[in-house]
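A.B. asks: These protein sequences, in sequence, are chains U and S.
If you count the first sequence from 1, position 99 lands on 99 in my numbering, and the numbers rise without skipping.
If you count the second sequence from 1, position 35 lands on 35 in my numbering, and the numbers rise without skipping.
Warning: the hint list may mix true and false statements.
[What the hints assert, rightly or not] In silico contact screen, one side only, chain S against chain U (beta carbon under 8 Å); selected entries:
#: 1; residue: 33
#: 2; residue: 41
#: 3; residue: 43
#: 4; residue: 55
#: 5; residue: 57
#: 6; residue: 71
#: 7; residue: 98
#: 8; residue: 102
#: 9; residue: 104
#: 10; residue: 105
#: 11; residue: 107
Since the hints were derived computationally from the structure, they do not count as laboratory data.
Don't be surprised by glycine CBs; every beta carbon is placed ideally from N, CA and C.
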Amino acid sequence: TQLLEQSPQFLSIQEGENLTVYCNSSSVFSSLQWYRQEPGEGPVLLVTVVTGGEVKKLKRLTFQFGDARKDSSLHITAAQPGDTGLYLCAGINAGGTSYGKLTFGQGTILTVHP
Amino acid sequence: GAGVSQTPSNKVTEKGKYVELRCDPISGHTALYWYRQSLGQGPEFLIYFQGTGAADDSGLPNDRFFAVRPEGSVSTLKIQRTERGDSAVYLCASSIRSYNEQFFGPGTRLTVL
Chain U
1 TQLLEQSPQF LSIQEGENLT VYCNSSSVFS SLQWYRQEPG EGPVLLVTVV TGGEVKKLKR
61 LTFQFGDARK DSSLHITAAQ PGDTGLYLCA GINAGGTSYG KLTFGQGTIL TVHP
Chain S
1 GAGVSQTPSN KVTEKGKYVE LRCDPISGHT ALYWYRQSLG QGPEFLIYFQ GTGAADDSGL
61 PNDRFFAVRP EGSVSTLKIQ RTERGDSAVY LCASSIRSYN EQFFGPGTRL TVL
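Next up, chain U with everything else stripped away, as it sits in the complex:
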């Protein structure tokens, strides 16, 4: 069974601070996704990283896929209260009987205080 370990589980910071969330696995994934989930809603896709070493930027968010495609990180610069939410990483395996099903980490609850 493939597992994704996310850390930290909880993060409480002040507006303007930077933060990094980590997602680690002992297994290789074909691609990795990051989602954000608000209370009472389903996860919303932020980014997909496919190539080992890949870096993608989405405004103040920077996503990186490890060279070995086993780990990923999400870095937020100058966090704002609107960034508050649950951040989830999810791995995908291509081919075979995977069918694109997602293996999620346990999530990081981020709270940004004004």
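Given chain U, put chain S in place with the hints provided.
C.D. replies: Then chain S, alone, in the frame of chain U:
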């Protein structure tokens, strides 16, 4: 256009009862996934439909859980003899085909008393 919808949004039932949870995917999406999210955890895969057939039901925890998608659109997740441990948010996601971006519904929060 309309996103994925799930009904009911909340369901409270008693231990031992039968429940049905409904998912309306985005029109034209052939792939449909069910996930379960327990409190403080990430979603866990339950079952995947390609069209009308369940191509992968390896995530269903036991034979009390069953899901159907008879016309390749709406899907129903059925849970028999509910147990307190079944309490969770049940999420449905659809994609135009497998391996494409999945769009999630808001979930059904199931509480078994």
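A.B. asks: Compare the structure with each hint and give your call.
C.D. replies: Checked hints:
no.	hint	in the structure
1	33	holds (6 Å)
2	41	holds (5 Å)
3	43	holds (5 Å)
4	55	holds (6 Å)
5	57	violated (11 Å)
6	71	violated (20 Å)
7	98	holds (4 Å)
8	102	holds (7 Å)
9	104	holds (3 Å)
10	105	holds (5 Å)
11	107	holds (6 Å)
When each numbered hint is compared with the structure, violations occur for hints 5 and 6.
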